[in-house]
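Residue strings, one per chain:
2 protein chains.
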Amino acid sequence: MITTNVDISLQLRREGVRPSVTRVAVVKYLMEHHNHPTVDELYAHLVEQYPGLSRTTVYNTVHTLVDSRVLTTIEGSPEGMRVDLACNPHAHFVCDVCGAVADIAMELPEPPDQLSVTRTQLVFRGVCCNCKSIDKEKIN
Amino acid sequence: MITTNVDISLQLRREGVRPSVTRVAVVKYLMEHHNHPTVDELYAHLVEQYPGLSRTTVYNTVHTLVDSRVLTTIEGSPEGMRVDLACNPHAHFVCDVCGAVADIAMELPEPPDQLSVTRTQLVFRGVCCNCKSIDKEKIN
DNA sequence: TTCATTTTTGTAATCGATACAAAATTACTT
DNA sequence: AAGTAATTTTGTATCGATTACAAAAATGAA
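Residue numbers (the working numbering), protein chains in the order written: chain A, 16 to 155; chain B, 16 to 155.
Please note: incorrect hints may appear among the correct ones.
Here are the simulated distance ranges between beta carbons [what the hints assert, rightly or not]:
| hint | chain 1 | residue 1 | chain 2 | residue 2 | range |
| --- | --- | --- | --- | --- | --- |
| 1 | B | G67 | A | V36 | 46 to 56 Å |
| 2 | B | Y74 | A | V132 | 24 to 34 Å |
| 3 | A | L25 | B | R29 | 55 to 65 Å |
| 4 | A | G31 | B | Y74 | 32 to 42 Å |
| 5 | B | N75 | A | N103 | 31 to 41 Å |
| 6 | B | V132 | A | P127 | 15 to 25 Å |
| 7 | B | H105 | A | S148 | 28 to 38 Å |
| 8 | A | N20 | B | E30 | 50 to 60 Å |
| 9 | A | D22 | B | H48 | 45 to 55 Å |
| 10 | B | P66 | A | E122 | 43 to 53 Å |
| 11 | B | L123 | A | R84 | 19 to 29 Å |
Quick caveat, the hints were computed from the structure, so don't treat them as lab data.
C-beta atoms are modelled at their ideal positions from N, C-alpha and C, and glycine is treated no differently.
Generate the whole structure from the sequences, applying the supplied hints.
See the structure below:
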């Protein structure tokens, strides 16, 4: 399943956003990397391919794409907000120890009818398996 | 349904937290005010009753009470994290225009079994009725 | 090309949040 | 009650993610 820049451009247009270079680059990166980068990590990766890219531009782009519901964000990480594609809505698990973020494939609850909801965020927080086993080592 | 400081102290002890003055004050404030204050708003209200209270202390207290699952936070407001009591778990609706936060009485989804989850956050985002009608006025 | 609109840039500044060590308070023991 | 250890609180200094803003560049239309 290959997604070209043209495909992404068309998808953005469909969502009502003009497919600028940076916007396509951000979406493409997120399609190819299923991590949940902070804006800074996103910038660090993209600037290698697009020298001269500004951190502010990445912030602007993320905001635009969140507004047009292409992206969603996970708030509350100490390192700053994390970015994810909004397609195939899913929940997230965040480890309070190491900050790792994992996708949880599950249906999101429907909001009450009378509310006009554009984004639903479901975040489970706790300790991931990895950090739990490290904790056990310390005790032993 | 009156809740005295003694009641709150006992409740905190039950949750494994020593009921310091500030901790009781924070819980009491949140029980009496069903708004969702930022740490700064919380501080502003409490400092009137406890002169000399430090903003840092409110931050410390909130962290302690979140760790011991007495409080929960709503992340992602531009004004900073908002604080709420963790009892009677419920969802939140946040208006992207005015930032207002409303409680939504509904069951929270159960996390997958294998995860050890200590906090579940369900946030609906959109435009509240108020801001929607203001928007209509502008159009007319 | 020319003009208007949109996007991007880059620096400066904002401001929520934290680090840290000293001071104050509390709990515990004798 | 006095002494001591542990906890809590304070307050300043600082960090760092995010934003403001205006200029520059790119894009699109006529």
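Consistency of the hints with the structure:
Taking the beta carbon of each, G67(B) and V36(A) are about 55 Å apart, inside 46 to 56 Å as hinted. One distance hint, 24 to 34 Å for the beta-carbon pair Y74(B) and V132(A), holds here, with the actual separation near 31 Å. Taking 55 to 65 Å as the suggested C-beta distance range, the pair L25(A) and R29(B) conforms, at roughly 57 Å. Between G31(A) and Y74(B) the beta carbon distance is about 40 Å. The supplied range of 32 to 42 Å therefore holds.
For the pair N75(B) and N103(A), the beta carbons lie near 40 Å from each other, so the given range of 31 to 41 Å is met. Taking the beta carbon of each, V132(B) and P127(A) are about 24 Å apart, inside 15 to 25 Å as hinted. For the hinted restraint 28 to 38 Å between H105(B) and S148(A), the CB-CB distance of approximately 33 Å keeps it satisfied. In this structure the supplied range 50 to 60 Å holds for N20(A) paired with E30(B), their Cβ-Cβ distance being about 53 Å.
Between D22(A) and H48(B), the C-beta spacing of about 50 Å keeps the proposed range 45 to 55 Å intact. Between P66(B) and E122(A) the CB atoms are about 50 Å apart, so this pair conforms to the stated range of 43 to 53 Å. Under the hint 19 to 29 Å, the C-beta atoms of L123(B) and R84(A), about 23 Å apart, fit the expected range.
Checked against the numbered hints given earlier, this structure breaks none of them.
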